[in-house]
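Asks: For reference, the chains in residue letters:
There are 2 protein chains.
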Amino acid sequence: TLAAPAIAQSLPKITWRCASSFPKSLDTIYGGAEVLSKYLKEATDGNFVIQPFAAGEIVPGLQAADAAAAGTVELCHTVAYYYWGKDPTWALGAAVPFALNARGMNAWQYHLGGIDLLNEFFNKQGLQVYPGGNTGVQMGGWFRKEIKTVEDLKGIKMRVGGFAGKVLEKLGVVPQQIAGGDIYPSLEKGTIDAAEWVGPYDDEKLGFQKVAPFYYYPGWWEGGPTVSFMVNKAKWDSLPPAYQSLFRTAAQATDADMLQKYDSLNPAAIKRLVASGAQLRPFSPEIMSACFEAANGVYGEMEATNPEFKKIWDSIKAFRNEHFLYAQVAEYSFDTFMMIQQRNGKL
Amino acid sequence: TLAAPAIAQSLPKITWRCASSFPKSLDTIYGGAEVLSKYLKEATDGNFVIQPFAAGEIVPGLQAADAAAAGTVELCHTVAYYYWGKDPTWALGAAVPFALNARGMNAWQYHLGGIDLLNEFFNKQGLQVYPGGNTGVQMGGWFRKEIKTVEDLKGIKMRVGGFAGKVLEKLGVVPQQIAGGDIYPSLEKGTIDAAEWVGPYDDEKLGFQKVAPFYYYPGWWEGGPTVSFMVNKAKWDSLPPAYQSLFRTAAQATDADMLQKYDSLNPAAIKRLVASGAQLRPFSPEIMSACFEAANGVYGEMEATNPEFKKIWDSIKAFRNEHFLYAQVAEYSFDTFMMIQQRNGKL
Chain A
175 TLAAPAIAQS
185 LPKITWRCAS
195 SFPKSLDTIY
205 GGAEVLSKYL
215 KEATDGNFVI
225 QPFAAGEIVP
235 GLQAADAAAA
245 GTVELCHTVA
255 YYYWGKDPTW
265 ALGAAVPFAL
275 NARGMNAWQY
285 HLGGIDLLNE
295 FFNKQGLQVY
305 PGGNTGVQMG
315 GWFRKEIKTV
325 EDLKGIKMRV
335 GGFAGKVLEK
345 LGVVPQQIAG
355 GDIYPSLEKG
365 TIDAAEWVGP
375 YDDEKLGFQK
385 VAPFYYYPGW
395 WEGGPTVSFM
405 VNKAKWDSLP
415 PAYQSLFRTA
425 AQATDADMLQ
435 KYDSLNPAAI
445 KRLVASGAQL
455 RPFSPEIMSA
465 CFEAANGVYG
475 EMEATNPEFK
485 KIWDSIKAFR
495 NEHFLYAQVA
505 EYSFDTFMMI
515 QQRNGKL
Chain B
175 TLAAPAIAQS
185 LPKITWRCAS
195 SFPKSLDTIY
205 GGAEVLSKYL
215 KEATDGNFVI
225 QPFAAGEIVP
235 GLQAADAAAA
245 GTVELCHTVA
255 YYYWGKDPTW
265 ALGAAVPFAL
275 NARGMNAWQY
285 HLGGIDLLNE
295 FFNKQGLQVY
305 PGGNTGVQMG
315 GWFRKEIKTV
325 EDLKGIKMRV
335 GGFAGKVLEK
345 LGVVPQQIAG
355 GDIYPSLEKG
365 TIDAAEWVGP
375 YDDEKLGFQK
385 VAPFYYYPGW
395 WEGGPTVSFM
405 VNKAKWDSLP
415 PAYQSLFRTA
425 AQATDADMLQ
435 KYDSLNPAAI
445 KRLVASGAQL
455 RPFSPEIMSA
465 CFEAANGVYG
475 EMEATNPEFK
485 KIWDSIKAFR
495 NEHFLYAQVA
505 EYSFDTFMMI
515 QQRNGKL
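Protein chains in written order, with our numbering: chain A, 175 to 521; chain B, 175 to 521.
Treat the hints as calculated values from the structure; they're not laboratory data.
It cannot be assumed that every hint is accurate.
Copies of the same chain look alike in the list, so a pair counts if it works inside one copy or between any two.
Claimed, not checked - Here are the computed lysine-lysine pairs in the DSSO-like style, where the Cα-Cα straight-line distance is at most 30 Å:
| hint | residue 1 | residue 2 |
| --- | --- | --- |
| 1 | 344 | 484 |
| 2 | 491 | 520 |
| 3 | 491 | 379 |
| 4 | 520 | 344 |
| 5 | 407 | 212 |
| 6 | 484 | 520 |
Please model the entire structure based on the sequences and the hints provided.
Replies: Laid out in C-alpha cells, this is it:
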C-alpha cells in the first residue's frame, strides 16, 4: 500500500552477520558480501546492516552454510557445491559439470523458476537462498606436466573442489581437498600434480605458474557457477517485506556486479600470467568427451536414486538444450567474428 | 552515518514519471521500467514511486531523452543511439557496430569507468544516465530475398535504427526510419526490402516471417546494446543520497534482469519462428568483413572530428581488444563444446 507506515516499521534497525566462505584476499568473490552490505546500508540510511566476516573469522569457510542454517550467523556467502557431500542436490544451486554458462544459469534462476525450485529444497535445510555472484567459466587448473590423453589423467593427484572430483575419479584422477593457502607448497613439493582454483585474476595471486605452468581450459565443471547468499530461514521470514524486497534487489545487483568485476579483471590477468610463464593449453577433445560421458554416468546414478536432484536437474537440462541451441545463432556468430578480428590484430 | 534521520528524510514521498521509448507490447524492454518501479516501490514501502508511460503516452518514443532533459518528465527509459543525430557520442551509451557484447559492455560500464565517462558527456546534455537493460546480441533482421554478396546489398531499402544506418549506407543500403507498427505492411507491400527489429521473442510478435522469411544473423551493429535510464540532472541532484544509491542498485538489478528475461525467452521463440517459416541465414564472411571495414571508416571520421566521441570510443576499444582475447579461452571453448553436444543430440 502507499500509506506511510510509522518510522519503526519503515526502516527498522537490523544488524546481521554474514559468514563468507572466502578470504579477504579474494577481493572479487569475498567482495560480493561487501557489495551487498554497501547497497543495503546506503539504501536504508545505515539501518539495514550486514557485517561480512572472512572465512575462519566466525566459522571455517566450508561450514558457512551450516552456521547460517543453525542461526550462528544470520546469513552466509558461499558456493552451494561445497556441501554436495550432504546431498548432491546442493551442487545444483551453484554449478555441476557440463551444465549452463553464466547467462544461462541466470536466465534459468531468475525467469524459468530456478530460484523457487532451489528454495523448495533449501528451505528444508533451514535456508532461503538467492544468487549473489558468478565467476563466469572458470579455468581448468594448473598442471605440472602436460595432459594430452585420458591415459595421462590416471593417477593424477589434483586439488579440485566439490562435485567435479566425483566425475574426475571415474577417469582415474585422485581428488584432493586442500585449502587455498596450502596449494602452492603442495604443487611445489609434488605432493599433488595439479590444482584448480578459479580463473586468471584470482589464480595470479597464488603464483601457480611458477610450479605448475600448464594452465588448462575450460573448467568444464564450472561453466557459470553461482555464488549464493544463504539466509537462515526463520531470520528471513522475520524480515519486513520491504527489507525482503530490498535484499532480493540488492542481491540481484550484487550477482551481476561480481561477474562484471571478473570480466573487467580477467583479461589483463591472463596476459600477465602468460608473460610470467603460464602455458595455456585446451583440454583435448578426447579428454573433454571422456569427462562428458563420465559426468553423464554420474547424473544417471543420481537421477535413479535422488528424486529431489532429478526434479531440479531435469529443469536445468531442459533449458540447457534450448540455451545452447539459440546461443549458436546471434551470440556465437558475433563473438566468433570479433575473436577472428582480434587474432588478426584488427581490434 | 549510522544516525537515524527523521522520517521525512528517511523515506520521503517522491513520485516521478518515466517516459519509455517502447510500447507496452514489448514486455521485455518496456518491462524494464516496470521492474525498476517495482523494486523502488517495494523497498521504500511505497514512498519512491516511478510511473512508467509507454511511447506516445506523454511524448513520442524517440523524444523520451529530450523530455527528460527538459524536465517534462523526471526520467526516461530509452536507447541512447536513437539520438545519435544530435551527436554520435550518444550512441556509445548504447551500442555501436562491432563493439562489445553484453558481458563486455557491462564490465566496461560498471568496473572500467564507463558509467562515469559516459556521464561526463551526458551531464552536459542535462542527464544522469545508468544502464537499465540489455538485449544481448540482436538478430540482423528480416529480408524478402537472400543476401549472399556485398553486391546484393546495393539499393536494399532497410528499416534500421540508429547509427548502423550510417555504416550500411556505405555499402549501398538505403536506411529507412519506420515505427514498429508500420514495418509489417511496408515489407508486405514491398515498400521496403528488409527490416531489423530486436531478436526472436520480440520479432515474433510482429510476424515478419510471413512477408520477409530470410532471418539473418548476427546484428553486428548491436553486440550488446544497453537500454538506459536517463534522469533529469537537476532532479537527480535533488534526490536524497539514500534514494540515489537505491536507484543505482535497482537499476543495476534491472539491467541484469532484462538480459535474463531475453535469455529465458529467445530460445523457445527461435524454434517457433523456424517452425512457422523463418529461414535462418548467417551474414556471409564477405558481407561481415565489408561491414567491419565500413564501420572502421566511419569511426575514423568521427575520431578525427569529435574529441568527446574519441575519448569514450578509445576507452571501449582498448577493452574490446582484451575482452575478445580472453573470451577465446575458457568461455568460448566451454560454449563450443556444449554447442557441439547440442548439435549431436547429446544434451
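Asks: Which hints from the list above does the structure break, by number from lowest to highest?
Replies: Failing hints: none at all.
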